[in-house]
Amino acid sequence: MSALELLTWARGPGLALALAAGLFGIVLRVFEIQALGRKGDLATARTITPGSGWRTILSRSLPPPGMFQRAPLTYAGGYVFHVGLAIAVFGFAPHIELIRGLFGVRWPGLPNLFVDAATVATIAAMLAVLAGRLMDPVKRLLSGFGDWLAWTLTFVPLLTGYAAFHHMSENYTLLLALHILSVELLLAFLPFTKLFHVVGLFMARWYNGDIAAKKGVAA
Amino acid sequence: MKRPAANNIGSALREAGISRRDFLGFCATLAAAYALPAASVGAIAAALEKAPRASVIWLSFQECTGCTESLTRSHAPTIEGLILEQISLDYHHTLQAAAGEAAEQARMEAMRANAGKYLLIVDGSVPLGNAGYSTIAGVSNVDMLKEVAQGAAAVIAVGTCAAYGGIPAAQPNPTGAVPVSAVINDKPIVNVPGCPPIPVVITGVLAHFLTFGGLPELDDLGRPKIFYGESIHDRCYRRPFYDQGKFAETFDDEGARRGWCLFKLGCKGPVTYNACATTKWNNGVSFPIQSGHGCLGCSQPGFWDMGPFYKALSMPTANVEKAAGIAAAAGVAAGAAMAVANRGKKAAAKAAHAPVTVEDLEKKP
Chain A
1 MSALELLTWA RGPGLALALA AGLFGIVLRV FEIQALGRKG DLATARTITP
51 GSGWRTILSR SLPPPGMFQR APLTYAGGYV FHVGLAIAVF GFAPHIELIR
101 GLFGVRWPGL PNLFVDAATV ATIAAMLAVL AGRLMDPVKR LLSGFGDWLA
151 WTLTFVPLLT GYAAFHHMSE NYTLLLALHI LSVELLLAFL PFTKLFHVVG
201 LFMARWYNGD IAAKKGVAA
Chain B
1 MKRPAANNIG SALREAGISR RDFLGFCATL AAAYALPAAS VGAIAAALEK
51 APRASVIWLS FQECTGCTES LTRSHAPTIE GLILEQISLD YHHTLQAAAG
101 EAAEQARMEA MRANAGKYLL IVDGSVPLGN AGYSTIAGVS NVDMLKEVAQ
151 GAAAVIAVGT CAAYGGIPAA QPNPTGAVPV SAVINDKPIV NVPGCPPIPV
201 VITGVLAHFL TFGGLPELDD LGRPKIFYGE SIHDRCYRRP FYDQGKFAET
251 FDDEGARRGW CLFKLGCKGP VTYNACATTK WNNGVSFPIQ SGHGCLGCSQ
301 PGFWDMGPFY KALSMPTANV EKAAGIAAAA GVAAGAAMAV ANRGKKAAAK
351 AAHAPVTVED LEKKP
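Top to bottom, those sequences are chains A and B. What the first sequence shows, in my numbering, is residues 1 to 219, in sequence order. What the second sequence shows, in my numbering, is residues 1 to 365, in sequence order.
In short, the hints are calculated from the structure, not lab data. Hints may contain errors.
Computed list of lysine-lysine pairs in DSSO-like fashion (alpha-carbon distance at most 30 Å, straight line) [to be verified]:
#1 LYS311/B / LYS39/A
#2 LYS350/B / LYS280/B
#3 LYS322/B / LYS311/B
#4 LYS187/B / LYS215/A
#5 LYS363/B / LYS350/B
#6 LYS187/B / LYS50/B
#7 LYS215/A / LYS39/A
#8 LYS39/A / LYS346/B
#9 LYS194/A / LYS322/B
#10 LYS280/B / LYS346/B
#11 LYS187/B / LYS246/B
#12 LYS246/B / LYS117/B
#13 LYS345/B / LYS215/A
#14 LYS322/B / LYS363/B
#15 LYS215/A / LYS311/B
#16 LYS322/B / LYS345/B
#17 LYS345/B / LYS214/A
#18 LYS280/B / LYS322/B
#19 LYS350/B / LYS214/A
#20 LYS50/B / LYS280/B
#21 LYS50/B / LYS225/B
#22 LYS146/B / LYS225/B
#23 LYS39/A / LYS364/B
#24 LYS194/A / LYS346/B
#25 LYS39/A / LYS194/A
#26 LYS246/B / LYS311/B
#27 LYS214/A / LYS346/B
#28 LYS246/B / LYS280/B
#29 LYS139/A / LYS214/A
#30 LYS194/A / LYS345/B
#31 LYS187/B / LYS225/B
#32 LYS39/A / LYS214/A
#33 LYS146/B / LYS117/B
#34 LYS225/B / LYS364/B
#35 LYS214/A / LYS194/A
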């Protein structure tokens, strides 16, 4: 199979397979979580705080007082990595074309220089948080296979995308194919790994914020 | 076929009215293409001038004659075209005057007289599905290719059909078309793909053979690295617009009028390796992207089967909605099954629950 054939497979059947696996897993897990159900809350809410769940979704992204100073690498690295990843994924014109091809929505792309800088920052932040996780004995103890897998599945698409963009090999076609395949791997594994937090965090934070508000701890 | 009286290429070109200045200009182009120093221009000119008129047999199989047209009709007269004329082109369907048995006789004579030394140029793919799909003088393409290649010094597969199968080999490939390299494996083969190939690339390979007595360095797809070493995208004059994120969205919008990047309109420049963006066509006048149309990727294997021409390279090549719909439905079904199983587990736990009273807790063990 030539590099171009691999690329064509990745853009066609490979993408369909990855999307199907990802969608199947996401629907399955969302459905399963929702179907677990909760007993009806018969108590009167202590405080009436509409929107507490929604506010919690945002407030949980901010560090609690004093925490940034205690774990600067975790917070700074985490912010740079997440924001940078969002810029790389949603700001690069070819990615927007893919989204347009899949869902029909589009928006203006960012200049490549900006996306490139964000990608470099993201890669650096990911390496920094990995080093932090490896060097901190507590974090290392708490880390399991799922953590290393989630990091790898996220890092490889970034690295292959960066290498493809900068033509780090004579065979650009192969790099592009590997980049798309690595994204497809990420997509297929997303629902079944800790990466599911991209979906699950919204449900979990909303529920926690809402239930806490009803008990008198409004966000 | 025009047969000049001259016995070497230099004198033949002079007879055809090509000035020394033009000839040296052509040699300088070749030197630049082959990344040789300027000082080598004189040596190339001397070698090319004295080069004997190599015998060339040109076989046309499943093709459209576009490759020959590209070479002979690009501009008249070009040195590229003239070099083709001045080599001893002993057999070429389209160009030769002889027909029928006389033509075949010329081929046999050339093969006999220059055994082991002649160049074989092939354009068009070879059908393996049925011998009768494409024949010449009653001989199937595959048999003729094997017969002529046997005594050839080297084979040049001109055009994407001969190099990689091209359009005849596109799905569903009704004739079982294959490239030359699928039939011949004991001779050096140079692929000069393109639909059609750039004239100076064809003659560049010929000139290399005549000047240096061998074939140029090839890439992993059998193409001369000097012409196919870089992608169209990397050498495209519209590349800065790609970097700035400026794209034409349709063929007649403001971006198209301003000459912005054609990536979103399906340009395959990033994955296509050829010299279009540097040598250009029609004596360096233009090339497809300069004319406002994206690259189709015609010099790559699988040309015609690598997704829609007008979809960006990052877009899906197939319709994925069906797979997504089935997956979502399967997800709902699996989720429902899991929910039922979880509720069963919950009910079982509830049934197995043994109430504990305060008295039980206060009992001393």
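Is the straight-line distance between the alpha-carbon of LYS187/B and that of LYS215/A 30 Å or less?
At roughly 84 Å apart (the allowed maximum being 30 Å), LYS215/A and LYS187/B break the hint.
Are the Cα positions of LYS187/B and LYS50/B separated by 30 Å at most?
holds, 26 Å
Need the status of pair LYS215/A, LYS311/B: alpha-carbon distance at most 30 Å?
The hint is violated at about 54 Å.
For the pair supplied as a hint, LYS139/A and LYS214/A, confirm whether the alpha-carbon distance does not exceed 30 Å.
violated, 34 Å
Given the hint that LYS187/B pairs with LYS225/B, test it: the Cα-Cα distance must not exceed 30 Å.
Satisfied, since the Cα-Cα distance of roughly 19 Å is no more than 30 Å.
Does the alpha-carbon distance linking LYS363/B and LYS350/B stay inside the 30 Å limit?
holds, 24 Å
Is LYS39/A close enough to LYS194/A, meaning Cα to Cα at most 30 Å?
holds, 27 Å
Need the status of pair LYS215/A, LYS39/A: alpha-carbon distance at most 30 Å?
holds, 15 Å
Straight-line Cα separation of LYS194/A and LYS345/B no greater than 30 Å?
Cα-Cα ~25 Å, so holds.
Sort out whether LYS214/A lies within 30 Å of LYS350/B, counting only the CA atoms.
Holds. LYS350/B to LYS214/A sits at ~27 Å (cutoff 30 Å).
Quick one, are LYS187/B and LYS246/B close enough, alpha carbons at most 30 Å?
Measuring from Cα to Cα gives roughly 47 Å; hence the hint is violated.
LYS39/A and LYS364/B: Cα distance at most 30 Å?
violated, 35 Å
Going through the hint list in order, the structure does not satisfy hints 1, 2, 4, 10, 11, 12, 14, 15, 16, 18, 23, 29, 34.
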